[in-house]
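J.: What follows is the residue order along each chain.
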Amino acid sequence: MAKKQTRRSFLKTALAGGVAAGTANLTLMRDLYAQASGPIVIGHHCDLTGVISSWGYWHDKAAKAAVEIINQGGGIAGRRVELATEDTESNPASGARKLRNLIERSNAEFVVGSVHSGVMLSAIPIASELKTIYFSTGEATEATGAKGTRYSFRTGTDTYSIAAASMPWCVENFGKVWSIIYADYAWGQSTNQESKHFIEKAGGKTLASIPVPLDTKDFVPYLAQIPPETEVLLPAFIGSLSVAFYTQAKTMGLDKKMKMFSSSASIESIAPDDIQGAAEGVYFFENFPRMLKAKDDEYHREFIKRVGIDDVHAREVGSQRVMDKSHGWQAWEDIFAIKQAIEASGYKTRKDVEGVIKALEGMEMKNSIGHPQGDKLIRKEDHCGIIDCYISRVEGGKLEVKKRIPKEELAKNMPLRHNLSQLPV
Amino acid sequence: MIRTFVERFLLVAFAAFLVSVPWVVPVIANKFWVSVIAEILIWSIFAASVNLLFGYVGLLSFGQALFFGFGMYGVGIGIDQLHLSFWSAFAFGVSAAMAMALITGIFAVRLTWHYFAIITIVFSLIFYFLAVRLKPLTGGDDGINFSLPPVFSFGATRYSLTDQTFQYFFILAIFAICFYLMYLVTRSPLGRAFLAIRENDLRASLIGLNVYVLRLIAFVMAGFLAGVSGALFAFFGRYASATYMFYHVSGDGVVWAIVGGAGTLFGPVVGTTLFIFIRELVSTHWEHHSLIVGVMAILVVMLAPKGLVGLWREGLSRIGEQKTSSELNAKARLRSQP
Numbered sequence: 001m002a003k004k005q006t007r008r009s010f011l012k013t014a015l016a017g018g019v020a021a022g023t024a025n026l027t028l029m030r031d032l033y034a035q036a037s038g039p040i041v042i043g044h045h046c047d048l049t050g051v052i053s054s055w056g057y058w059h060d061k062a063a064k065a066a067v068e069i070i071n072q073g074g075g076i077a078g079r080r081v082e083l084a085t086e087d088t089e090s091n092p093a094s095g096a097r098k099l100r101n102l103i104e105r106s107n108a109e110f111v112v113g114s115v116h117s118g119v120m121l122s123a124i125p126i127a128s129e130l131k132t133i134y135f136s137t138g139e140a141t142e143a144t145g146a147k148g149t150r151y152s153f154r155t156g157t158d159t160y161s162i163a164a165a166s167m168p169w170c171v172e173n174f175g176k177v178w179s180i181i182y183a184d185y186a187w188g189q190s191t192n193q194e195s196k197h198f199i200e201k202a203g204g205k206t207l208a209s210i211p212v213p214l215d216t217k218d219f220v221p222y223l224a225q226i227p228p229e230t231e232v233l234l235p236a237f238i239g240s241l242s243v244a245f246y247t248q249a250k251t252m253g254l255d256k257k258m259k260m261f262s263s264s265a266s267i268e269s270i271a272p273d274d275i276q277g278a279a280e281g282v283y284f285f286e287n288f289p290r291m292l293k294a295k296d297d298e299y300h301r302e303f304i305k306r307v308g309i310d311d312v313h314a315r316e317v318g319s320q321r322v323m324d325k326s327h328g329w330q331a332w333e334d335i336f337a338i339k340q341a342i343e344a345s346g347y348k349t350r351k352d353v354e355g356v357i358k359a360l361e362g363m364e365m366k367n368s369i370g371h372p373q374g375d376k377l378i379r380k381e382d383h384c385g386i387i388d389c390y391i392s393r394v395e396g397g398k399l400e401v402k403k404r405i406p407k408e409e410l411a412k413n414m415p416l417r418h419n420l421s422q423l424p425v
Numbered sequence: 426m427i428r429t430f431v432e433r434f435l436l437v438a439f440a441a442f443l444v445s446v447p448w449v450v451p452v453i454a455n456k457f458w459v460s461v462i463a464e465i466l467i468w469s470i471f472a473a474s475v476n477l478l479f480g481y482v483g484l485l486s487f488g489q490a491l492f493f494g495f496g497m498y499g500v501g502i503g504i505d506q507l508h509l510s511f512w513s514a515f516a517f518g519v520s521a522a523m524a525m526a527l528i529t530g531i532f533a534v535r536l537t538w539h540y541f542a543i544i545t546i547v548f549s550l551i552f553y554f555l556a557v558r559l560k561p562l563t564g565g566d567d568g569i570n571f572s573l574p575p576v577f578s579f580g581a582t583r584y585s586l587t588d589q590t591f592q593y594f595f596i597l598a599i600f601a602i603c604f605y606l607m608y609l610v611t612r613s614p615l616g617r618a619f620l621a622i623r624e625n626d627l628r629a630s631l632i633g634l635n636v637y638v639l640r641l642i643a644f645v646m647a648g649f650l651a652g653v654s655g656a657l658f659a660f661f662g663r664y665a666s667a668t669y670m671f672y673h674v675s676g677d678g679v680v681w682a683i684v685g686g687a688g689t690l691f692g693p694v695v696g697t698t699l700f701i702f703i704r705e706l707v708s709t710h711w712e713h714h715s716l717i718v719g720v721m722a723i724l725v726v727m728l729a730p731k732g733l734v735g736l737w738r739e740g741l742s743r744i745g746e747q748k749t750s751s752e753l754n755a756k757a758r759l760r761s762q763p
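Going down the list, the sequences are from chains R and D.
For the first sequence, our numbering gives the first residue as 1, with consecutive numbering after it.
For the second sequence, our numbering gives the first residue as 426, with consecutive numbering after it.
None of these hints come from the bench; they were simulated from the model.
It is possible that part of the hints are untrue.
Capping the alpha-carbon separation at 30 Å, the derived lysine-lysine pairs in DSSO-like fashion look like this [unchecked claim]:
hint : chain 1 : residue 1 : chain 2 : residue 2
1    : D       : Lys456    : R       : Lys176
2    : R       : Lys64     : D       : Lys456
3    : R       : Lys131    : D       : Lys456
4    : R       : Lys351    : R       : Lys205
5    : R       : Lys205    : D       : Lys560
6    : R       : Lys351    : D       : Lys456
7    : D       : Lys456    : R       : Lys358
8    : D       : Lys560    : R       : Lys131
9    : R       : Lys305    : R       : Lys259
10   : R       : Lys366    : R       : Lys131
11   : R       : Lys201    : R       : Lys257
12   : D       : Lys560    : R       : Lys217
13   : R       : Lys358    : R       : Lys412
14   : R       : Lys293    : R       : Lys131
15   : R       : Lys257    : R       : Lys196
16   : R       : Lys380    : D       : Lys560
17   : R       : Lys201    : D       : Lys560
18   : R       : Lys348    : R       : Lys380
19   : R       : Lys196    : D       : Lys456
20   : R       : Lys380    : R       : Lys358
21   : R       : Lys196    : R       : Lys176
22   : R       : Lys205    : R       : Lys358
23   : D       : Lys456    : R       : Lys348
All figures in this text were calculated on a predicted structure; none of them were measured in a lab.
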């Protein structure tokens, strides 16, 4: 007959197990720092599946191309580079798990991060605790702002820098009376908040901020809320929502009543000529011009060749895919930024990560094969990329650059909000 | 007899393994697996909350993610916005989850079966969409990340979850407490009342049990377990997000509990361990790992309705019965000899 298990016997059994293992006193620890001469593993926290996979595809391609160039040139500080890629599934929960996987299982010493805001924000505390530098490629300003750490960096722009770079020129040239219509989630809300701030700072005013739910199919009720006296409309949507917005706005003739200006995210992975002229005449912020002719140099040409895209629409050669060119370049350049910082600091093992952080803080990068987007700087205090930006207009189905905003102007318009360089390593 | 012996041996081995994880696992596998095991412990508590409702009371809830999310956001908001200490944030998260379980439970436990399942999904969806929209409070779909306050400080000495070994043992301690509480409840008169309701709620009410109140108590207790797991997961990930409030997270808990063995104490641990290991082993090579989960869930439900623990117990019982009957036969033969 089975003996009844009592509270006492349950506790006794469980504690016996605990004591047995505790007395074993296993002092077998691995030396995490024993790889000073082996390959350097760079992790790629990449959104290969899920909602933002049409961008992740390009980040993967760009990172692989960059590693290939580096290895062909002798690696980093004479060490071969290995790229370990993990799919975040465009989901913060999976992303956090996959980041641990990259750092603890694949032994990634540096990580080129996700473009998905939620994923990168969930990743930063983990990366920081595991003392691993994490480059964000998305636009959530918190990554190098309120939620930033000594380990979080970016070479590109965020909602703060996009608004700071573009609004002074846009308000002066497009008009002072604005309305904003945005996808009602974190990126759209942040774009609304930052743009509103810089519109007002430039002497303009925002008549309406209209949030649109993410599952919206019919934009008419929201488009009807746009005040008729609006001179400039700022739509902030991504992917299919963006296509739906431009198509319905065009049908309603909105493009004839007001100018439209939006962030590059709204047209990423979309070729204007694929949406039957719906975005014709709309201005977009870009930070790596889609057309080669806007920055026609050998480095840009090599980038286009290596990533395998055409020089007008950034469309993949032999397929219909269009690159998220204003974001995807970061996956390439971040690896070269890591290379430069490692070589400048004399990094050998994880113990030397502080040296790499210090090298990255305030690091200047020259227009080169490693930095085909152009000259840039990682601002010391807030770890933000200070880069040349562009405002382009869709003309004849192509994004024609109308204004180049030099990085010096961006830095001037973008006062410091946080000083991450004073945080402890 | 055999079953008791084997199960007790396994419990000792399991406890021994869990205590030795931070030292043994990095040697035989990789340090990464210590984090995976810590995660399994957290999700096992979550699956236990599903198990308490489904396995012991007969209520299939697809809304446990709501309480998980409240535990998680309680910690995230508590630390990030209210600047609470570790323990205050922990208590805040668990209390928020229990309060929400009480409020939703008042309406939900009036219903049973698919109506109950539907109302729990509806509550989960309402608060998921609210969490996504209330960006200033919840961080929207970006969520909230935060730096961990110390768990204990004695002068200059600080114990924090940033020390991975300490973090593992902290999670293990909470896991042990939760499962010990489950053990106490399921063997108490309250636990027997739960079983009576699960078997036949009409008969239970006829013998004087207040079915509504007992179901509500179970619902709040399950909310407590889900809240504890959510709060722990926030500490573990240093992050809180609305993603975890979505009902598919509840669905994971249901699958883990059912496949492991609903109505058994350690069934949820078995189910959670199995699926998280599959996920970790397969997801690096194949993105459609959830297909395996689906196939396994279907197979277990069809071939072993009592889950893997039920299957195991049946096997042991059969061995025990065979042994007993062969002993009886031997005795009978001896008696029949002249």
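J.: Confirm or reject each hint.
T.: Results for each hint:
At roughly 57 Å between alpha-carbon atoms, Lys456(D) and Lys176(R) are farther apart than 30 Å, so this suggested pair is violated. In summary, the hint linking Lys64(R) to Lys456(D) is supported, as the alpha carbons are separated by about 27 Å, within the 30 Å threshold. Simply put, Lys131(R) and Lys456(D) have alpha-carbon atoms about 15 Å apart, close enough for the 30 Å limit, and the pair holds. As the CA atoms of Lys351(R) and Lys205(R) are separated by approximately 51 Å, the hinted pair breaks the 30 Å bound.
Proximity of Lys205(R) to Lys560(D) is assessed by CA-CA distance (about 23 Å); at most 30 Å being required, the pair is judged to hold. Our distance criterion of 30 Å between C-alpha atoms is met by Lys351(R) and Lys456(D), whose separation comes to about 18 Å. In summary, the hint linking Lys456(D) to Lys358(R) is supported, as the alpha carbons are separated by about 28 Å, within the 30 Å threshold. Only pairs whose Cα atoms come within 30 Å are accepted, and Lys560(D) paired with Lys131(R) is accepted, the gap being roughly 29 Å.
Annotation: proposed proximity of Lys305(R) to Lys259(R) is violated, straight-line Cα distance about 35 Å (limit 30 Å). Simply put, Lys366(R) and Lys131(R) have alpha-carbon atoms about 27 Å apart, close enough for the 30 Å limit, and the pair holds. A distance of roughly 25 Å separates the Cα atoms of Lys201(R) and Lys257(R); the hinted pair therefore holds under the 30 Å criterion. Between Lys560(D) and Lys217(R), the direct Cα distance comes to roughly 23 Å. Compliance with the 30 Å bound is thereby established for this hinted pair.
For the given pair, Lys358(R) sits about 23 Å from Lys412(R) by alpha-carbon distance, which is consistent with the 30 Å threshold. The hinted pair formed by Lys293(R) and Lys131(R) fails the criterion: a straight-line CA distance of about 41 Å is larger than 30 Å. About 21 Å separates the Cα atoms of Lys257(R) and Lys196(R), which keeps this hinted pair within 30 Å; it holds. Taken as a hint, the Lys380(R) and Lys560(D) pair is honoured in the structure, with Cα atoms around 29 Å apart against an allowance of 30 Å.
The straight-line distance between the Cα atoms of Lys201(R) and Lys560(D) is roughly 24 Å, inside the 30 Å bound, and the hint therefore holds. Pair hint Lys348(R) plus Lys380(R) holds up; C-alpha atoms about 23 Å apart against a cutoff of 30 Å. At most 30 Å may separate the alpha-carbon atoms for a hinted pair to count; Lys196(R) and Lys456(D) exceed this at roughly 47 Å. Proposed proximity of Lys380(R) and Lys358(R) is supported: the alpha carbons are some 9 Å apart, at most 30 Å.
Straight-line distance between C-alpha atoms of Lys196(R) and Lys176(R) comes to about 12 Å, which keeps the hinted pair within the 30 Å bound. The hinted pair formed by Lys205(R) and Lys358(R) fails the criterion: a straight-line CA distance of about 41 Å is larger than 30 Å. Proximity of Lys456(D) to Lys348(R) is assessed by CA-CA distance (about 21 Å); at most 30 Å being required, the pair is judged to hold.
In summary, the structure is inconsistent with hints 1, 4, 9, 14, 19, 22 from the numbered list given earlier, while agreeing with the others.
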